[in-house]
Amino acid sequence: MVTVAAGGSLVQSVDWLAIAPPTIAAVVGLLVLVADLFVGERHKSVLGWVSVAGLVAALVFLLPLLDGDRSSFCLAGDPTVCSYTADRFTLVIQFLVLGGALLTALLSMSTLKDTSRARDVPGGEYWFLLLSSAAGAALLPASRDLATLVVALEVASLPAFALVGIKHGDRKSSEAALKFFLSSVTATAVTLLGVSFVYATTGTLYLTEIAGKLQQVDPQFHTLAQAGVALTLVGFAFKTAAVPFHFWVPDTYVGAPLPIAAYLSVIGKAVGFSGLILVTVIAFPSYADVWGPALAVLAALTMTAGNVAALRQRATRAYSAVRLLAWSSVGQAGYLLVPIAAAGYAKDAERAIGSTVAYALMYAAVNLGAFAVAALVARSRPLNRISDYRGLYAERPLTALVLGFFLLCLAGLPPGIIGLFAKVTVFSAAVDAGLGWLAVVMAVNVVIALYYYLRWTALLFRAPEQASESARLKVPAPLTAAIALTAVLGIALSGAPQLVLRFSATGLF
Numbered sequence: 096m097v098t099v100a101a102g103g104s105l106v107q108s109v110d111w112l113a114i115a116p117p118t119i120a121a122v123v124g125l126l127v128l129v130a131d132l133f134v135g136e137r138h139k140s141v142l143g144w145v146s147v148a149g150l151v152a153a154l155v156f157l158l159p160l161l162d163g164d165r166s167s168f169c170l171a172g173d174p175t176v177c178s179y180t181a182d183r184f185t186l187v188i189q190f191l192v193l194g195g196a197l198l199t200a201l202l203s204m205s206t207l208k209d210t211s212r213a214r215d216v217p218g219g220e221y222w223f224l225l226l227s228s229a230a231g232a233a234l235l236p237a238s239r240d241l242a243t244l245v246v247a248l249e250v251a252s253l254p255a256f257a258l259v260g261i262k263h264g265d266r267k268s269s270e271a272a273l274k275f276f277l278s279s280v281t282a283t284a285v286t287l288l289g290v291s292f293v294y295a296t297t298g299t300l301y302l303t304e305i306a307g308k309l310q311q312v313d314p315q316f317h318t319l320a321q322a323g324v325a326l327t328l329v330g331f332a333f334k335t336a337a338v339p340f341h342f343w344v345p346d347t348y349v350g351a352p353l354p355i356a357a358y359l360s361v362i363g364k365a366v367g368f369s370g371l372i373l374v375t376v377i378a379f380p381s382y383a384d385v386w387g388p389a390l391a392v393l394a395a396l397t398m399t400a401g402n403v404a405a406l407r408q409r410a411t412r413a414y415s416a417v418r419l420l421a422w423s424s425v426g427q428a429g430y431l432l433v434p435i436a437a438a439g440y441a442k443d444a445e446r447a448i449g450s451t452v453a454y455a456l457m458y459a460a461v462n463l464g465a466f467a468v469a470a471l472v473a474r475s476r477p478l479n480r481i482s483d484y485r486g487l488y489a490e491r492p493l494t495a496l497v498l499g500f501f502l503l504c505l506a507g508l509p510p511g512i513i514g515l516f517a518k519v520t521v522f523s524a525a526v527d528a529g530l531g532w533l534a535v536v537m538a539v540n541v542v543i544a545l546y547y548y549l550r551w552t553a554l555l556f557r558a559p560e561q562a563s564e565s566a567r568l569k570v571p572a573p574l575t576a577a578i579a580l581t582a583v584l585g586i587a588l589s590g591a592p593q594l595v596l597r598f599s600a601t602g603l604f
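Just so we're aligned: the sequence shown equals residues 96 to 604 in the numbering used here.
Any given hint could turn out to be false.
Unchecked claim - In silico BS3-like links for lysine-lysine, alpha-carbon gap of 27 Å or less:
| # | residue 1 | residue 2 |
| --- | --- | --- |
| 1 | 267 | 308 |
| 2 | 208 | 308 |
| 3 | 267 | 139 |
| 4 | 208 | 569 |
| 5 | 139 | 308 |
| 6 | 139 | 569 |
Stated by the list, open to error - Label pairs and their computed distance ranges (CB to CB):
| # | residue 1 | residue 2 | range |
| --- | --- | --- | --- |
| 7 | 412 | 122 | 23 to 29 Å |
| 8 | 291 | 158 | 18 to 24 Å |
| 9 | 403 | 311 | 52 to 58 Å |
| 10 | 158 | 311 | 50 to 56 Å |
| 11 | 443 | 583 | 16 to 22 Å |
| 12 | 496 | 569 | 16 to 22 Å |
| 13 | 509 | 409 | 48 to 54 Å |
| 14 | 281 | 509 | 41 to 47 Å |
| 15 | 151 | 489 | 25 to 31 Å |
| 16 | 122 | 445 | 31 to 37 Å |
Read the hints as simulated data drawn from the structure, not as lab findings. For each residue, glycine too, the CB sits at the ideal point set by N, CA and C.
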């Protein structure tokens with residue numbers, strides 16, 4: 096929004112309603128950090144409930160934005176070129192990000208309340224970092240210039256480094272944070288170099304203006320523009336855990352607190368994929384012949400590397416359940432890349448992108464649910480091996496059924512209809528774009544994934560090797576709520592999967 100002041104000068108005005116969701120998350124994060132100074136150790140749980148309330152409020156403020164597109168921080172003299180746009184794509188991704196952060200907060204409350212861990216994880220800092228990261232992640236899909244996009248990416252990422260290594264005195268956690276930090280900083284440096292090349296050749300940072308000016312680049316700067324496009328994509332490929340930028344995933348997930356591993360697996364990917372979508376289909380459509388084939392190859396390599404590594408996990412290895420979910424998330428990233436690659440070939444790019452968003456919504460619900468059950472099991476079996484889940488049905492029947500449902504959703508098998516629907520949607524996007532070879536690679540990988548998902552599911556219903564007291568352990572209410580919410584969402588979407596595709600209509604074009 097732009098208003099004309101006295102004397103003819105142009106002064107920007109801020110649309111506070113449009114920027115409310117990320118702003119609320121950021122403000123509540125600051126309030127929690129300040130309140131931590133005055134709250135005693137016995138009442139630290141209050142900070143968690145305040146954080147949950149803040150994320151709920153941020154979600155509620157998405158509702159008034161459904162009426163139509165709203166923009167803010169627009170270019171002086173041209174109100175159609177803005178740095179922040181709250182369109183349908185933005186709202187869907189913000190719903191995914193803030194909803195995922197809310198579920199992560201519920202998981203975190205039980206972790207922080209555990210007296211054996213309370214001294215190791217500082218509550219005030221934890222909630223501040225989580226809300227700050229969520230604010231950056233919610234800002235990113237609304238960003239419509241490269242500067243805001245990179246800032247949002249780093250605001251989402253920097254607190255995540257600290258969250259991974261927040262467990263005091265835990266060497267595994269510190270090593271995971273260091274590996275995550277170093278690899279991410281390298282990717283960010285490469286991305287900034289690419290952004291500088293794009294700016295040098297186009298003279299603008301606004302995505303819509305870049306799209307037009309890249310087609311008019313002086314021939315002598317054509318190679319520089321191509322290098323800028325390629326390097327800009329590297330940072331977002333890292334965030335999506337695409338091969339060869341995936342090597343940090345398993346160790347980081349194992350070293351991080353389990354709720355943060357869940358957060359990275361969903362919100363971290365949402366950040367990467369939303370940024371990748373914005374720079375490819377809005378800023379670089381004229382270079383689709385460059386990024387289309389590159390993303391198709393990345394998708395094939397990523398899904399294959401992730402599924403093969405997940406297949407090789409030994410059930411008796413410490414933290415093998417988390418490692419399997421980590422490698423599974425790499426494989427799922429490959430599926431998510433398929434429609435984005437297809438957008439470079441398809442006549443209807445918006446439909447292809449909608450397939451990615453639909454798949455991301457399905458994956459977020461069921462993967463967070465699987466991590467929630469893993470957090471429950473870890474309370475009695477901290478090594479979290481796949482073999483620890485043997486006989487879970489005999490101990491906790493409902494929990495075993497829910498986890499089995501989540502695993503079948505990830506595998507794409509009934510009764511996990513939403514998982515099957517999402518995979519068919521992605522598969523059809525590849526076929527419609529003429530990427531038959533990629534569809535074949537995806538089909539092979541789906542079969543590979545079936546084996547390790549079904550092997551884990553079958554283990555839930557086998558007779559336990561020895562009696563366990565875990566069934567008597569009381570489950571904290573926030574953890575129960577997180578499992579119940581994801582289960583209800585997964586079941587509801589399996590009953591009406593077409594709603595996901597309708598809801599995920601991007602409105603980018």
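Structure-based check of all given hints:
no.: 1; hint: 267 x 308; result: 48 Å, violated
no.: 2; hint: 208 x 308; result: 54 Å, violated
no.: 3; hint: 267 x 139; result: 26 Å, holds
no.: 4; hint: 208 x 569; result: 13 Å, holds
no.: 5; hint: 139 x 308; result: 53 Å, violated
no.: 6; hint: 139 x 569; result: 20 Å, holds
no.: 7; hint: 412 x 122: 23 to 29 Å; result: 43 Å, violated
no.: 8; hint: 291 x 158: 18 to 24 Å; result: 39 Å, violated
no.: 9; hint: 403 x 311: 52 to 58 Å; result: 44 Å, violated
no.: 10; hint: 158 x 311: 50 to 56 Å; result: 41 Å, violated
no.: 11; hint: 443 x 583: 16 to 22 Å; result: 33 Å, violated
no.: 12; hint: 496 x 569: 16 to 22 Å; result: 20 Å, holds
no.: 13; hint: 509 x 409: 48 to 54 Å; result: 29 Å, violated
no.: 14; hint: 281 x 509: 41 to 47 Å; result: 43 Å, holds
no.: 15; hint: 151 x 489: 25 to 31 Å; result: 36 Å, violated
no.: 16; hint: 122 x 445: 31 to 37 Å; result: 34 Å, holds
Checked against the numbered hints given earlier, this structure breaks hints 1, 2, 5, 7, 8, 9, 10, 11, 13 and 15; the rest are met.
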